[in-house]
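Q: Okay, here's what each chain looks like letter by letter:
2 protein chains.
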Amino acid sequence: MVLNPAYEAIGKSFVQQYYAMFDDPAQRPNLISLYNTESSFMSFEGMQLQGALKIMEKLTSLPFQKINRIFTAIDSQPMFDGGVLINVLGRLQADEDPPHPFCQTFVLKPLGNSFFCQHDMFRLGIHDTA
Amino acid sequence: MVLNPAYEAIGKSFVQQYYAMFDDPAQRPNLISLYNTESSFMSFEGMQLQGALKIMEKLTSLPFQKINRIFTAIDSQPMFDGGVLINVLGRLQADEDPPHPFCQTFVLKPLGNSFFCQHDMFRLGIHDTA
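Note that the protein sequences, when read in sequence, are chains A and B.
Just so you know, we're using the working numbering here: the first sequence kicks off at 2 and counts up by one.
Just so you know, we're using the working numbering here: the second sequence kicks off at 2 and counts up by one.
What the hints contain is simulated information worked out from the structure, not anything from laboratory work.
As the structure is a prediction and not an experimental result, all values here were calculated from the model.
Careful: at least some of the hints might be erroneous.
Just so you know, same-sequence chains aren't split out, so a pair can sit in one copy or run between any two.
[To be verified] Cut-off 27 Å, straight-line C-alpha distance, at most; resulting in silico cross-link-like pairs (DSS-like, lysine-lysine):
(1) Lys67 with Lys110
(2) Lys110 with Lys59
(3) Lys59 with Lys13
(4) Lys110 with Lys13
(5) Lys13 with Lys67
(6) Lys13 with Lys55
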């Protein structure tokens, strides 16, 4: 049971690194370095993907060229295996689409002196209005 | 490394149980049974709380009497210690307030034949408009 006291800084720095790569189509393929070949899970708008290759197939197939992103909140918590749980709430605008809220959850697992992304869940905040 | 194949059903059933208790002020104090005395973490609108007592102090101090809730998406993933990661996206209306989007993330840890809530992150989807 080793809580990493730097969880807040780790969360913020991971989020910066992740979206800097994600939001630039030229860098997006490099996201593969953040996922584990076998064991990383992603839920993308409800679609379940496992393993770095499947995840990257999805992420590199996304058509937009430009994303503007505003962060509303980045919450992090330390996990008992030394990992970090991160929740991101924000708004994004892909190309000329209207802006949408989004939330994304990451679970980082320690690996040597760094972390990889074990769990990743992404949802746009598009709600049926009742 | 024991993935629980029932993660999807566990996620959905936990979410039902959690909000049935949370949304009824008479039952809300019973949420204490879902958290660990020492090790549960909660982030509530950015406020960090640790341990069942601190978490319950916050949750039972919330003033609203009535909550209407609509779920947009419930995503679950199995974790490698047998736990389940859950992300809930929805809209809620507390008393006569205007409805707001919310997202909430849970990490359930196995305990005997059941689970407790190790991590809990709650945010209303209130965004500054740029």
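Q: If a hint holds in the structure, say so; if it doesn't, say that too.
A: Each hint tested on the structure:
1. For the identical chains of this complex, Lys67 and Lys110 are neighbours neither inside a copy (29 Å) nor across copies (39 Å), given an alpha-carbon limit of 27 Å.
2. For a Cα distance limit of 27 Å, the shortest separation of Lys110 from Lys59 inside one copy, 22 Å, qualifies, whereas the shortest one across copies, 29 Å, does not.
3. In this assembly of identical chains, the alpha carbons of Lys59 and Lys13 lie at most 27 Å apart whether taken from the same copy (24 Å) or from different copies (25 Å).
4. With identical chains, the CA atoms of Lys110 and Lys13 are at most 27 Å apart both within one copy (15 Å) and between copies (25 Å).
5. Taking CA atoms no more than 27 Å apart as the test, Lys13 paired with Lys67 passes inside one copy only; the shortest distance there is 22 Å, against 35 Å between copies.
6. Within a single copy, Lys13 and Lys55 get their C-alpha atoms as close as 26 Å, and across copies as close as 25 Å, so both meet the 27 Å cut-off.
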